[in-house]
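Listed below are the residues making up each chain.
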Amino acid sequence: MLVVLSPSALQWQSLFNLYLTFAVIIMGIVFSWFIYVVIKYRYRPGTPEPSDTPSLGSLSKDHRGNIKIALIITILLAILFLGLTAETINAVNLLENIPDAPNELHIKVIGRQWQWLFVYPNGTQTTRLIVPAGTIVVLEVTSIDVFHSFGIPDLRIKADAIPGKINYLWLKVDQKGTYTIRCFELCGRGHAAMITELIVV
Amino acid sequence: MENQTPNKKSRILKWLLTTNHKDIGILYFVTSLTFFIIAGILALLMRTQLAIPSNNFLNAEEYNQAVTMHGLIMLLWFLSPLGVAFANYFVPLQIGARDLAFPRLNALSYWLYLFSGIIAASGFILGGAADVGWTYYAPLTAVKYSPGPGVTLGAAAIAMISASVTIGTINFLVTIAKLRAPGMKLIHMPLYVWFILFTMILMLIAFPPLLGAAILLLSDRVLGTSFFNSVGAAIIWDNLFWFFGHPEVYILLLPGFGIIPEVLSVFSRRPVYGKKIIIASLAVATLLSITVWGHHMYVTGVSREWREYMNITTEIISIPFGLIVISFIATLVGGAIRLKTPLLFALGSIFLFVIGGSTGVFQSSVALDYQFRGTYWVVGHFHYVLVGATIFGLFAGIYYWFPKITGRMYNEKLGKLHFLISFIGFNILYFPMFLLIDMPRRIWTYQPNTGWGELNMIATIGAFIFGPAQLLLFYNLYKSMKHGDLAGANPWGGWTLEWATSSPPPPEDFPGIPDLRTGVLHFVQLDGSGLSEVGANHSNHLSKWPIIISLSLALFLFGVSLWPLNVAGSIIFFAGVIIGLYALIGWSRDDIKEHFKIPEEPMREQWPFEKADKIKLGVWILVFSEMLLFATLIGTYAYYRYISPTWPAPGTIHDIRIGTVNTLILLTSSFTLIMALVFARVNNLRGLKIGLILTFGLGLLFLIIKGFEWSELMLHNFTFSSGLPASTYYITTGTHAAHVIAGLGGLLYLIAKTFNGNVKVNTVESFGIYWHFVDIVWIFLFPLFYLL
Numbered sequence: 001m002l003v004v005l006s007p008s009a010l011q012w013q014s015l016f017n018l019y020l021t022f023a024v025i026i027m028g029i030v031f032s033w034f035i036y037v038v039i040k041y042r043y044r045p046g047t048p049e050p051s052d053t054p055s056l057g058s059l060s061k062d063h064r065g066n067i068k069i070a071l072i073i074t075i076l077l078a079i080l081f082l083g084l085t086a087e088t089i090n091a092v093n094l095l096e097n098i099p100d101a102p103n104e105l106h107i108k109v110i111g112r113q114w115q116w117l118f119v120y121p122n123g124t125q126t127t128r129l130i131v132p133a134g135t136i137v138v139l140e141v142t143s144i145d146v147f148h149s150f151g152i153p154d155l156r157i158k159a160d161a162i163p164g165k166i167n168y169l170w171l172k173v174d175q176k177g178t179y180t181i182r183c184f185e186l187c188g189r190g191h192a193a194m195i196t197e198l199i200v201v
Numbered sequence: 001m002e003n004q005t006p007n008k009k010s011r012i013l014k015w016l017l018t019t020n021h022k023d024i025g026i027l028y029f030v031t032s033l034t035f036f037i038i039a040g041i042l043a044l045l046m047r048t049q050l051a052i053p054s055n056n057f058l059n060a061e062e063y064n065q066a067v068t069m070h071g072l073i074m075l076l077w078f079l080s081p082l083g084v085a086f087a088n089y090f091v092p093l094q095i096g097a098r099d100l101a102f103p104r105l106n107a108l109s110y111w112l113y114l115f116s117g118i119i120a121a122s123g124f125i126l127g128g129a130a131d132v133g134w135t136y137y138a139p140l141t142a143v144k145y146s147p148g149p150g151v152t153l154g155a156a157a158i159a160m161i162s163a164s165v166t167i168g169t170i171n172f173l174v175t176i177a178k179l180r181a182p183g184m185k186l187i188h189m190p191l192y193v194w195f196i197l198f199t200m201i202l203m204l205i206a207f208p209p210l211l212g213a214a215i216l217l218l219s220d221r222v223l224g225t226s227f228f229n230s231v232g233a234a235i236i237w238d239n240l241f242w243f244f245g246h247p248e249v250y251i252l253l254l255p256g257f258g259i260i261p262e263v264l265s266v267f268s269r270r271p272v273y274g275k276k277i278i279i280a281s282l283a284v285a286t287l288l289s290i291t292v293w294g295h296h297m298y299v300t301g302v303s304r305e306w307r308e309y310m311n312i313t314t315e316i317i318s319i320p321f322g323l324i325v326i327s328f329i330a331t332l333v334g335g336a337i338r339l340k341t342p343l344l345f346a347l348g349s350i351f352l353f354v355i356g357g358s359t360g361v362f363q364s365s366v367a368l369d370y371q372f373r374g375t376y377w378v379v380g381h382f383h384y385v386l387v388g389a390t391i392f393g394l395f396a397g398i399y400y401w402f403p404k405i406t407g408r409m410y411n412e413k414l415g416k417l418h419f420l421i422s423f424i425g426f427n428i429l430y431f432p433m434f435l436l437i438d439m440p441r442r443i444w445t446y447q448p449n450t451g452w453g454e455l456n457m458i459a460t461i462g463a464f465i466f467g468p469a470q471l472l473l474f475y476n477l478y479k480s481m482k483h484g485d486l487a488g489a490n491p492w493g494g495w496t497l498e499w500a501t502s503s504p505p506p507p508e509d510f511p512g513i514p515d516l517r518t519g520v521l522h523f524v525q526l527d528g529s530g531l532s533e534v535g536a537n538h539s540n541h542l543s544k545w546p547i548i549i550s551l552s553l554a555l556f557l558f559g560v561s562l563w564p565l566n567v568a569g570s571i572i573f574f575a576g577v578i579i580g581l582y583a584l585i586g587w588s589r590d591d592i593k594e595h596f597k598i599p600e601e602p603m604r605e606q607w608p609f610e611k612a613d614k615i616k617l618g619v620w621i622l623v624f625s626e627m628l629l630f631a632t633l634i635g636t637y638a639y640y641r642y643i644s645p646t647w648p649a650p651g652t653i654h655d656i657r658i659g660t661v662n663t664l665i666l667l668t669s670s671f672t673l674i675m676a677l678v679f680a681r682v683n684n685l686r687g688l689k690i691g692l693i694l695t696f697g698l699g700l701l702f703l704i705i706k707g708f709e710w711s712e713l714m715l716h717n718f719t720f721s722s723g724l725p726a727s728t729y730y731i732t733t734g735t736h737a738a739h740v741i742a743g744l745g746g747l748l749y750l751i752a753k754t755f756n757g758n759v760k761v762n763t764v765e766s767f768g769i770y771w772h773f774v775d776i777v778w779i780f781l782f783p784l785f786y787l788l
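Top to bottom, those sequences are chains A and B. Reminder that position 95 of the first sequence reads as 95 in our numbering, one-by-one numbering, no gaps. Reminder that position 237 of the second sequence reads as 237 in our numbering, one-by-one numbering, no gaps.
Heads up, some of the hints might be wrong.
[Claimed, not checked] Partial list, computed: chain A residues near chain B (C-beta under 7 Å):
#1 G28
#2 V30
#3 Y41
#4 P54
#5 L186
#6 A192
[What the hints assert, rightly or not] Per the computed footprint, the stretches of chain A lying under chain B, defined by three or more beta-carbons under 8 Å from a beta-carbon of chain B, are:
#7 116-123
#8 141-152
Simulated from the structure, these hints should not be mistaken for laboratory data. Virtual Cβ for every residue (Gly too), placed ideally from N, Cα, C.
Next up, chain A with everything else stripped away, as it sits in the complex (with noise of 0.2 Å):
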């Protein structure tokens, strides 16, 4: 799937990109470990039994373990967890801070089933969004029936479209061209078919 050029697919992207780095660094290491565990350990003929092997109706005490490497794995994953979470506060800013500009353009979106209705500041009302390259727009969602949810893929952007509340979205292209907006909550028979264009023009 093609990154489109706007403040916000490249923010995603660039976060996408940094979980899955350690998502792969991590699941490397503990396959690596684990592969290499059950090889080794593989019961052979002639491989001696374990000494510890409990017997029958023992009491099972906890005689293995290290709570040393248990809180070294805690600190390292929670130092992870905390850096990652940081980089996705930095990313939520961006994402939904709406930069100050003279002349962002307001567009209410009415979610209804089965069609997204665009409401423009004059009046102007279209099934297909439209707006200029370049611009800041902001979206207004909301739905007048069921649940739904408004998400430009190709923008990484989504909102839920809920009655009686407006949820905010922000957006800018720069590249001229035509994106898909699509629902991505089941809003009933023609969920499937909740389908518009975003044109940059």
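On the provided structure of chain A, position chain B as indicated by the hints.
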């Protein structure tokens, strides 16, 4: 009839009436696998539909039913109950007990579970099953948007299985607390029992809010209240549902995951690594799991601070699970690993859990969720956890314990083949979903220009490898049950107590009381204490009431669900009520006449619950779950009042004087009950009778006044359908009134027992806990609805 021996009854009748934990375990096992097949076929239908773009194998309506019922059945009627099947069979065995603490309640749990599943699935033949997604998001569930009976039947089934789960929870918690073999301190319990213990604690916390939400939704759909079609409904449903929904993930995972350390250590011949670390991790994860539900709501528009808090807790919860996985793998170090089928499934489970868990960390990120929410990435993630880690873990349990349950060995070659094909098919099926990062969940079709065709085709191929591979399991079990080699008592050389008795174990589980106090197992025979006699009679503990009560509740809920559509509904409804009353009276009679007697087990390890007897401990746990139920109802009320600009002022609708009088009446009934208890302690039967009858009279008076109050309100056009002030008032105080009615039933039971002369002080005390609780709830409701 309760005292006849089973060989006089037909085999089928024995299965219907049994209260033995092993029989009920087998019933759970067979039933849950049947639901697995049903939900699995639904999955194959969906995968067939999605194999190619613009397919017309299913239409949108059919697909939505399939996707909803697949989720509901897999989670509530397959995964969790298969875990309960093993817990039923092996928790008493592993702690050295002869049965669960309340055998009849155990049977009741099972029958409620079975009938609730039938209600949920009956939608398919009654005009369409639920089709709103298993998460039941409001307001799509409102009658206006989903008029068919499916959603109502689904909600009724969810309410019923919540009751089943709560009863089961009480049973397991009391069993683990009070029935451990002498010498088995908590720390000595096998890790499997620890995993079940934490599962039960989580169930106790998570299911009452679900029950509350289901009651509110049912009342919307049946009585016309407006909980989940008002402004704000979507958010309140999200909160209630996910407060249940996220712990539910661990509820599903832990019973399967708990089998893994057993299998790892037995097949590598080494004790589990870091038992205390694993237990501590479980405790931390259990605690954290009720603080992470917000990560399902990142894009609903809730405050940023709240989301960031949920982000942190969700990331942190990976740490205990990381420690558990590391301890699992470390268990193998230095062992002599036998790669038998149970171990292969256990290793597979760990492998897939690491992938499922890591992808879960991605989803904890508020920012990354902007893309993941509602896509196939999420579907891939939770199937790695729930199918990969959980089902593989449970399958490890099937192969591991099959010789114990049947006395025969399964076919090892077929077992290994089953693992190999399942593992390969699983990854072909679910891995492509991580790449469908922009494909919405629950769409019944997609266009060719989306580029999703190839990945979907691969996933479908995987599904048709993974799905049919399960036939190998069924064939293996079926064949080996009759023709497998004899297993003997301990085929794996295990050391937990289930291996110290024959395969299959006798009805009373052990040849005596397993005594571990010296550190070496031996069996104590207690002659002359009457215990051996009870032990021999143990298999005769048959009762017809659990199945009849469950049937009556099923009829009641069928009637309720069909009421708005069908006159026949009311007939079914009343039939349910009458049969239910008949069964409750029958159950009580068995107790009063002591037809069904559960002996006190001597020499039990009970720390830290030595002082509370079984029933009292059970009632305390029940009260805890009821507290959460009322918290759910009161929380919903408080939320709506908070966001509503126009709520009627106090005194305008509800008459404060009537409320005050009723409050005083109910408070007085608590005092009369205390009086009764005082008389019971000094063995003054007459005083006890008077106290109980007075309490009953006051409770009845409360209900009569309440009925008068309601009918006045209804006459003045304050009805179920007059908006949220009416909805919240009627359902919250109505649920309370239902508890008063249940309390009156309990009082009648106590009065009958007193007249029969066999009431125990403990029973009066235990009932008192419940009754005072019901009064305390009213002390909260009165100001909330009348004064504020």
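Exercise. List, from low to high, the hint numbers that the structure doesn't satisfy.
Key: 1 and 7
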